[in-house]
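Fit chain B to the known structure of chain A by using the hints.
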Amino acid sequence: MSTGQFRFVASDRRVREDRRFVAGKGHFVADIDLPGTLHIALVTCPHAAARIKSIDKSAAMKMPGVHYVLDGAELASGTEVLLAGLDTPNVPRRPLAFETARYSGEWVVAIVAATRAQAEDAAEAIEIDYEPLPFVLDAEQALEKSSPLVHEKHGSNVLLDKTFVWGEVEKDFAASPCKLSLRVKWGRSSTVPIETFGVVARWDPWRDILDVWASIQMPRYAEQIAAALKIPAASVRVHNDVDVGGSYGVKRGIKHSVLVGYLARRLGAPVRLIEDRLENMRGGDAHGPERLFNIEIAFDKSGIVHSMKMRALENLGAYAGRSPFQLGKPIGAIVGPYKIKSVEYRAIAVVTNKTTQDAVRGFGQGPTNLALERAMDEVANMLGFDRLEVRRRNMIRANEFPYLIPSGTTYDSGDYETVVAKVLADTDYDALKKERDELRAEGKLAGIGIATCLEPSGGNATFEALLNPKINMSTFMDSCRINVDGNGTITATMHTTSSGQGHETLVGTVIGEVLQVDPDTVRVTRPDSLNALPSGTPVGSRMAIMLGGAAFHAAHKLKAKLTTIGAHDLGIAPERAVYEQGNVYDRDKPANKRSWPDLVGIAYRNMHRMPAGLEPGLAVSHVYPVPTGGTLPTPDGRVQMYPCFAFEFHLLLLAIDPDLGTPQILRYRVGHDCGTQINPKIVRGMTMGGIAHGIAAALYEEFAYNDEGQLIAQSFMDYLLPSSHEVPAIKIIDHETPSPHTVLGQKGSGESGYLGAPAAIASAVNDAFKPLGISINTLPLKVSKLGDLIAKARTK
Amino acid sequence: MRIELTINGATHALEVEERTTLLDCLRDHLALKGAHAGCEHGVCGACTVLVDGAAVRSCLMFAPQAEGSAITTIEGVTPAPGELSPIQDAFCEMHGMQCGYCTPAMILTAHALLAGNPQPTREEIVEAISGNICRCTGYAQIIEAIALAAERMRGANRPTELRT
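Line by line, the protein sequences give chains A and B. Using our numbering, read the first sequence as starting at 1 and increasing by one per residue. Using our numbering, read the second sequence as starting at 1 and increasing by one per residue.
Simulated from the structure, these hints should not be mistaken for laboratory data. In this text, all values refer to a predicted model and were calculated from it rather than measured experimentally. Hints should not be assumed to be uniformly reliable.
With a straight-line Cα cutoff of 20 Å, these simulated EDC-like cross-link-like pairs (lysine to aspartate or glutamate) come out [stated by the list, open to error]: (1) A:Lys-25 x B:Glu-123; (2) A:Lys-25 x B:Glu-75; (3) A:Lys-444 x A:Glu-726; (4) A:Lys-731 x B:Glu-123.
Next up, chain A with everything else stripped away, as it sits in the complex (with noise of 0.2 Å):
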C-alpha cells in the first residue's frame, strides 16, 4: 500500500494530544486532588542486606498529621505477593520488605500523614534496627557457589539459566575457517521519565470499588492488583484517562500500587503516593537491564557469518517481576537484520543485590543488539574488511522475505539494502571517511559509527512462554468500539493510559481515513478498566499494529452497517450500494443516495426502516489479536514472536578531545523504515527520542553502584541525563517497505532509535581509539572513562 493511497494517514497532520499540554492541562496523576487524600512518604533500607529486627513507629505516629505506619509484615499478612513472570515461588516480591531487605533503598516503612511534607518528617523518626548481611552485586559473583544467596529459600541466585540451540551450530562452527569471540557489557541505565511514578487510590466500601488512577504503563494492571489485594478485578476501577508524563517502559508501578490500594482500603480514605526522585532512582521502577554477553562468532574470509553462540547474563536486582523476560524479547530477532544460519543462545538470569530491575524501552533487544553490531566491527576488524561492507554482505536481500530466522521467527518485510543506500546518497561515506581523517589529523580522536537495528514489533509476548513453561499465553489483543451517536457524531475508545505516543491521533486518524470522514470530528475517549474492552497495553511497540488494526477493522464493520442500512433503504441489492464520505449511493444511480443524517435517522428512530435482523444503532466494536500469533513455542524452543520488523541504519561522526575524553557528536545520519507512517510526526518524535535515549545510554547514564552496595546516582547531579548540548541534529532519512500483515502496512516505531544508537556510538568510539591500540565493549563510556582508557593508552 503506498502513501497515495490515503486521505489522511501518512500526511503531515498535528498530534490532537498536543493541544492540551502546550496549556498545561494535561491530566497527570499528581494534579488529581480528591478531598481528604492522605499521602505516603516511605523509609527506606540503608544497606545493601540486612535482617529488619525491629521497628519503632512510636515517636513517628506522635508527629502532625500522621494517619498510620505501615510495615512489610502487616502488608505481607493482609496481601499476595506481586506477580512474577518467572516460576519462582521462593523469590516472593512484595511492596515492603518483609523480614530481609535485599537491597539499599528498599521500602521498608510507608508513613500516611495529611501531607506529604508531614509523612516525609515523621520518616525521620522511624527507629529501625538493621542487621546487616552479607550481600552480592556482580551478576558473575553471583553464579558462583560462595555467593552470598539474596534469596536463601530459592536455593541459589539463578532464576533462570536455559540454553537453545537453533540449526546445526557446531557443524556450522566446525566448518567456519574463522572465529572470534568477544565480551560485552550494557550498563545499568534506563529511560528516567521526567514525571516520577504515582498512583491515587480511593476505595468505595459500599460499592466495593477501588478507585485507581496512576501514571501506569502496565498489562493486565486492574488484575494484578486486584489479585494482590484479594479482591475481584471487577471490584477494580483503573482511570485510563490519566496522561503518564512519559514511561518508556518502566511506569510499571504495580508495588506502589498495592501499597496504596492496601491503605487507601484499611484507613477508608484517598491515599496518594508521588514518588519523589530519591524514591524512584533507588526503589521505584527505574532500572534497566544490566547484560554481559559472551559471543562466539563463526564466519569466513568474505565476511559472511554462519554461526554465532550468544551467553547472555542478566544482573536482575533484588527481585524480579517481568523483568527476565527481557532476555526472552531478543530471541525474535535473535540474529538481527543478517542471515545468520544457527545459534545457541544461553540466557541467564540472577538476583543479586541492587534495585530491581524493569522494563525498559525494547525490553532487552537494546543490549543483544549492541553485542551482535560488536561482534560484525570485529568480523571487519579481523578480515580487515570495511564495517559497511561486511553488514551489508550479510544482510537479508529485499526478495528473500518473508525470511525465517533460526529460533523460529519469520520476518515479515524489509528493504535493508536500499536503506543503507538512500543514507549513503545523502551522505558521502568516503567523503565522511575523509572528514574523520582530517580530524585525526588534527590530533583529535575521531571515529566512524555504523549499526544497524531491527525493532520487532506488535507486542506479541509468547516469550512469556517460551521462558516459562507453566504459561501458555498465545496472543496479547487490543481493541476499539465505534458509536455514532443519535445526532451523528462519531465516538471511539481506547482502553489503555499513553505516555506520549499520541494514541488518541492514532485512533482518529484510522477510522478517519475508513469512513472518510476528517479525523478531528472523531471523539476518542478512554473508558475505566470497568467498562473496558481488552487492551494489552502500550508494550512492545505495538499500537500503531494492534490499536490501529482494531480500530480499522471497527470502522469497517460501521462502514458495512451503514452500506447495508442504506442499499435497504434504498431497495437495491448491497452490492450496488457505495459507500462514500458518510453518504450511501446506488452506484447504478448515483443521484439516489442517503445521507449520512438519513441513515443515523434510520439507525436511531426507524426501526421500521431497518433490514430484518440488524440491531438499532450504530454501536461496533473489535478486538484484534496479534497478526501472525495464536501458536506457542515447539519444544525446541522456537515461537513466531513478533509480527512486524522495523529496520533502521545509524551512520554518524564522532570526536573525542584527547585531553578531556569528551565525546562530541558532529554528524548523525538515520535511515528509517517502519512501513507506513500513520502520522509521520509522531514517528520522527519517537525516532528522534529514541536515539537520544540511546546516546544518553552509551555516553551519559548509568546507575553506578559502590563497593558497600549503596547506589551512587541517586539523582540528576549524578545520573546524567542528556540536555539539548549533548543531543546532536540528525537528519532521519525515510524508507517505507510496509508490512504484509498490518491494516496499512504499518509497523512500530517507537523503539528502534533506542535500539540503533548504543551500538552505533560504540562502534564510533572503538574507530576513534583504534589508531591508539584499544578497544573497549562496555557501556556506557563515559567521559571518565574515556579520558583514562586514552591516558593509560598514551603511557604505554
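Showing chain B alone in chain A's frame:
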C-alpha cells in the same frame, strides 16, 4: 506565614508554611497545575515559571521569596480558554512534545528567550532550553517549534517577502 503573591497579573493573599516551595504553592494552594515536579533538586526544569520575566525553577525557590515579583505560569501565557499563543501553536505545529510533562516549562523558557531575542540562532535556542530536560523528543522538534514561533512572531501580519 501570610504572603502576598502576584501571579499572572492577579494578587493572591495566602497562608503557607515557611518551607513551602513556589512550586508546591502554585500547585497545592492555587491549583495552577501547569508547573510540574520532576526532580525537585533544580536539574530537570519541569517546574520552570517566569519570575519578573526570567525562567526560574520554582522547586528551588520558597514561596515567600517570590513576594514582590511578577510570577507568570503557563496558565498566564494562554490567551483565553481554548486559544493558543503563537509559541503554544508552534509547539503544536511541529509536535514539539510527546508526553507533555516538560512542555509548559519548555514553552515558558521559550517565552523568556524570544522576549529578549526575537531572532535566535539554533545555537541560541539550544543554549536557552539546555536547562529543561525532555526525555521524549530528543529536542529536535522543540528547537524547530521555537524557531517557527520566532519566525511567525517576527513576521506577524506581514507577507513573507517583506520579512527581514
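Going down the list of hints, with the structure as the test:
Using a Cα cut-off of 20 Å, the hinted pair Lys-25 (chain A) and Glu-123 (chain B) is violated, with the two alpha carbons roughly 30 Å apart. The straight-line distance between the Cα atoms of Lys-25 (chain A) and Glu-75 (chain B) is roughly 9 Å, inside the 20 Å bound, and the hint therefore holds. For the given pair, Lys-444 (chain A) sits about 19 Å from Glu-726 (chain A) by alpha-carbon distance, which is consistent with the 20 Å threshold. Taking the CA atoms of Lys-731 (chain A) and Glu-123 (chain B), the gap is about 17 Å. The hint holds against a cut of 20 Å.
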